[in-house]
Amino acid sequence: MKKIILIIAVQVFTGCSSVRLADSWRDNAYSGKIPEKVLVVGITDNLMGRKIYEEHLKDEFQARGIDAVESHRVFSPSFMHSRQSEAAIREEVDKFADSGYDAILVSVVKGVSEEVSYSRGYARTDYFWRRFGGYYFVYQDIYFDPGYYDRYNIYHIEASLYDIKAPDSKSLVWVASFDLVDPGSINRTVKDYVRRMTRELEKEKIIPAKF
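Per my numbering: the sequence shown = residues 1 to 211.
In short, the hints are calculated from the structure, not lab data. Fair warning: this is a prediction, and the values are worked out from it, not measured in the lab. Glycine included, every Cβ here is placed at the ideal spot set by N, Cα and C. Heads up, some of the hints might be wrong.
[Claimed, not checked] BS3-like, lysine-lysine: derived pairs with alpha carbons at most 30 angstroms apart: (1) LYS203 with LYS110; (2) LYS191 with LYS33; (3) LYS58 with LYS33.
[As the list claims (entries may be wrong)] Computed Cβ-Cβ distance ranges for the label pairs, DEER-style: (4) VAL112 with PHE211: 34 to 44 angstroms; (5) GLU114 with ALA166: 31 to 41 angstroms; (6) ARG188 with LYS165: 29 to 39 angstroms; (7) ASP94 with GLY49: 24 to 34 angstroms.
Please model the entire structure based on the sequences and the hints provided.
See below:
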């Protein structure tokens with residue numbers, strides 16, 4: 001029973017915060033420029049996940065007055081389904097720059113790690129530990145009510161924004177690493193991730209707040 005209560009409490013308090021910002025960097029020379037047209041790219045072999053991510057992010061950009069297009073709508077099948085050389089990728093980027101795009105935002109899953117947490121099967125909030133008798137009285141429960149191990153996955157995702165109007169088409173404007181902790185439904189997880197990512201872009205003043 002205690003284990004069930006603890007699990008419910010964890011779900012209540014972490015259900016809306018499964019996405020953590022691990023690290024971020026911004027080019028300080030890129031200031032005062034709001035992208036006008038962004039190509040949204042999700043690099044994953046999960047086609048459904050890619051479409052959901054790109055559509056959610058497109059909607060977030062458009063809600064801020066920024067034109068955005070999903071890569072699965074504009075990349076040719078031959079480009080997506082075969083390995084490309086760096087020269088071919090540069091050529092594709094140049095085509096987008098010539099057709100009015102000024103930025104590309106790409107997300108990729110960099111890796112997955114398994115974590116193990118250990119939780120006691122009980123919780124005490126009093127201060128019996130001030131005396132040995134009280135301390136031992138509380139923690140002798142370890143013998144009779146042991147805790148449990150919980151295994152969960154953490155997906156490490158990197159998001160990068162490139163200015164493709166710059167002389168160097170590899171001009172990195174912003175990059176951030178996020179950890180998705182034990183994701184549940186793909187739609188909910190992607191929505192939380194996109195919300196957290198756009199919040200960071202707002203904080204860096206790269207995109208405006210929603211209208």
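Structure-based check of all given hints:
Our distance criterion of 30 angstroms between C-alpha atoms is met by LYS203 and LYS110, whose separation comes to about 24 angstroms. At most 30 angstroms may separate the alpha-carbon atoms for a hinted pair to count; LYS191 and LYS33 meet this at roughly 26 angstroms. Restraint check for LYS58 and LYS33: the C-alpha separation of about 19 angstroms stays at or below 30 angstroms, so the hint holds. Take VAL112 and PHE211: their Cβ atoms lie about 36 angstroms apart, and the range 34 to 44 angstroms holds.
A hinted range of 31 to 41 angstroms holds for the C-beta pair GLU114 and ALA166, which are about 39 angstroms apart. ARG188 and LYS165 have their C-beta atoms about 35 angstroms apart, which keeps the hinted 29 to 39 angstroms range intact. Against the hinted window of 24 to 34 angstroms, the Cβ-Cβ separation of ASP94 and GLY49 comes to about 28 angstroms, which satisfies the hint.
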